[in-house]
Amino acid sequence: MKVLTVAMHKGGVGKTTVARLIAAAAGRAGIRVLAIDVDAQCSMSQRLLQMRRDPSAAHDSFYPPVHPQFDPIEDVDWDGISSSADPYFGREVFPYPTPLENVQILPAHGRHLRQINKIENGVVLERIYKRLAQFLSDPDVREHYDLVVIDTPPSLDSPLPESALLASTHMLIPAMMEPQCIEGLQGLFSLWMRINSTRIGDPIELVGIQVNMYQPQTVLHRTMLSHLQADDNLGPFVLPSVMRRRVAVAESDLETLRPGSVLDLKEDDPAREEAEHMAASVLSAMGFKVNAPKALESAA
Amino acid sequence: MSSSKSRRFSVRPAALDNASAIVDPLRERGTPTQLIEVEAIRLDFDPDNLRDLALTPADLGGVREDDPQAEVKSAELEEIRELATSIRAQGLINPVEVYRRGEHYVLASGQRRYFAHLLLGARLINASVLMQKPKSLRARQYVENEQRVRMTLSQRVRGVAAVLAEAGMEQAEQREQAEHLMAQLGMQHATAYRYLSVATAPEPLRAAVFDGRITSIADAYRLSTVPAPLMIAAVEAYLGGMPLEEAIESAAPPATPVHEAPAAKGKGRPMTAISLGRVTQPNVVRNIMRAVLGDDTPEIDWDDYRAASKAWQAFVKKLEEQYG
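If you read the sequences in order, they're chains A and B.
Numbers given in the numbering used here equal positions in the first sequence, counted from 1, plus 13.
Numbers given in the numbering used here equal positions in the second sequence, counted from 1, plus 187.
Calculated from the structure, these hints are not laboratory results.
Keep in mind it's a predicted model, so treat the numbers as computed, not measured.
Ideal placement from N, C-alpha and C gives every residue a C-beta, glycine not left out.
Treat the hints with care, since some could be wrong.
[What the hints assert, rightly or not] Some, not all, of what chain A presents toward chain B, calculated at C-beta under 8 Å:
hint: 1; residue: V79
hint: 2; residue: F83
hint: 3; residue: G135
hint: 4; residue: E139
hint: 5; residue: P192
hint: 6; residue: I195
hint: 7; residue: Q199
hint: 8; residue: S203
hint: 9; residue: S210
hint: 10; residue: L238
hint: 11; residue: H240
hint: 12; residue: L241
hint: 13; residue: V251
hint: 14; residue: L252
hint: 15; residue: S254
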């Protein structure tokens with residue numbers, strides 16, 4: 014089983030969109046996928062489930078719906094809800110089916126994940142870091158899934174990105190070609206290197222930096238991409254499949270279009286081609302046998 | 188327009204250089220570092236003495252009461268004892284980072300973990316051996332600490348001061364210092380200036396931040412903007428429990444009494460005395476008397492308006508006699 018963490022310490026770079034596209038494409042290729050949303054904003058969960066607003070939370074917060082397989086008569090010890098916070102609280106986990114073929118999800122629970130984010134006690138934090146890895150090493154989980162895709166919060170203050178990475182075999186970094194994102198690379202690379210230096214066994218493979226929401230008509234984006242690609246150390250990590258800023262991608266998030274996906278657009282739609290190319294590149298790099306990505310014209 | 192933008196953006200951002208430097212070791216070895224067990228006695232601290240903690244190995248058996256940093260060291264020792272308990276129970280999750288120097292290793296990061304091992308009497312400690320001394324050691328430590336645990340305000344401000352010291356920028360222009368922090372630590376512009384203002388503030392404020400009595404960056408920054416002569420009083424009032432803005436206001440000198448111009452000949456009765464105004468905050472009176480009398484300031488209950496007024500009247504009378 015491979016575990017991919019999609020991480021970036023800045024918000025708004027399209028992390029959830031990239032994670033969702035990879036999960037969807039993998040599912041269509043017959044790969045059994047578990048998507049895990051550990052972002053308290055519940056972005057991925059809201060795209061795949063009918064999440065419910067949590068009236069008891071101070072923030073605008075959501076939690077999962079009742080599990081479709083919940084039986085109120087038989088399931089006396091369970092309230093019918095399961096989330097990605099459950100492994101951290103020592104509870105049993107019940108992934109939800111989604112409209113995507115071969116994809117199940119362990120959705121986020123906004124309030125519970127925020128509780129985890131607030132923990133400061135060093136001893137408790139050390140246990141949190143290991144929890145997700147312990148859950149994913151369960152033989153039952155490994156038997157049911159080929160790929161786990163984890164969507165993480167864009168926050169340096171949360172222990173959850175590190176917890177996800179400790180559980181992962183691969184990492185993908187979506188990035189916009191703008192200064193704030195470039196700054197975010199420092200912390201993320203530092204974390205990746207530090208975690209790898211302590212690993213017993215295979216290190217986390219960095220699949221690459223996925224350039225996202227790219228606008229080739231802007232000088233800033235072109236120059237930043239050029240700097241990144243030219244760098245001796247970072248250049249090799251920049252994936253060739255650049256994703257441009259496309260309205261179709263944003264439209265696919267519309268509730269009224271759910272379960273909309275750019276993968277359902279016409280075959281020759283540029284948004285669909287780019288998304289398929291990106292997903293195929295990432296999955297191939299992780300060792301999955303998928304159709305070879307069709308060559309796209311250069312991003313520049 | 189396009190060509191001038193190209194010229195502006197043609198300089199690589201410093202953040203890119205930093206990210207590149209972090210992964211630089213991969214190019215030579217293919218693995219980030221080597222993980223080994225190091226004998227604790229062969230571990231030294233950085234020769235430039237850019238220490239993260241006030242604690243020294245000698246303090247691990249107990250902090251001396253007459254130590255001027257006793258309070259800070261005691262808090263650090265408590266933290267390290269907790270860490271030692273965790274390491275005894277769970278093992279060391281994250282090794283310390285070291286780089287070689289002859290037969291010894293120098294600690295690049297992980298002072299707390301190292302001290303915890305000394306407390307446990309451990310002979311060996313897991314360490315990641317870096318290829319060479321990191322160029323921006325303090326910046327690396329700051330980013331690493333920020334990744335691991337929510338740093339306290341004291342730790343952040345100390346970290347900022349240490350990063351500037353490492354780069355020899357303590358006396359640089361504030362703008363240059365801020366740019367350095369933004370580049371090295373990934374701080375936003377406004378955040379860099381706030382931390383800079385606190386890290387370079389006069390002693391009473393910095394001491395209160397370093398010893399943990401002030402824990403809010405917003406409050407610390409606001410206090411750092413109070414003019415230096417009034418800052419002591421403002422910080423004292425704040426630490427005494429007064430709300431922030433009230434504390435700052437209480438430190439402000441009383442409004443200068445408006446002196447009436449000497450009456451023009453033939454207009455009104457000439458003044459023969461100067462009004463010294465009226466205040467509602469006893470701290471104003473106390474601070475003025477302290478500024479003049481120093482240790483001779485009478486010890487009274489300053490919340491007792493009658494006592495404060497009497498003390499003030501005696502003070503003014505004494506001054507009149509002295510300068511009359």
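The hints, checked one at a time:
no. : hint : verdict
1   : V79  : violated (35 Å)
2   : F83  : violated (36 Å)
3   : G135 : holds (6 Å)
4   : E139 : holds (6 Å)
5   : P192 : holds (6 Å)
6   : I195 : holds (5 Å)
7   : Q199 : holds (5 Å)
8   : S203 : holds (5 Å)
9   : S210 : holds (4 Å)
10  : L238 : violated (11 Å)
11  : H240 : holds (5 Å)
12  : L241 : holds (7 Å)
13  : V251 : violated (12 Å)
14  : L252 : violated (16 Å)
15  : S254 : violated (21 Å)
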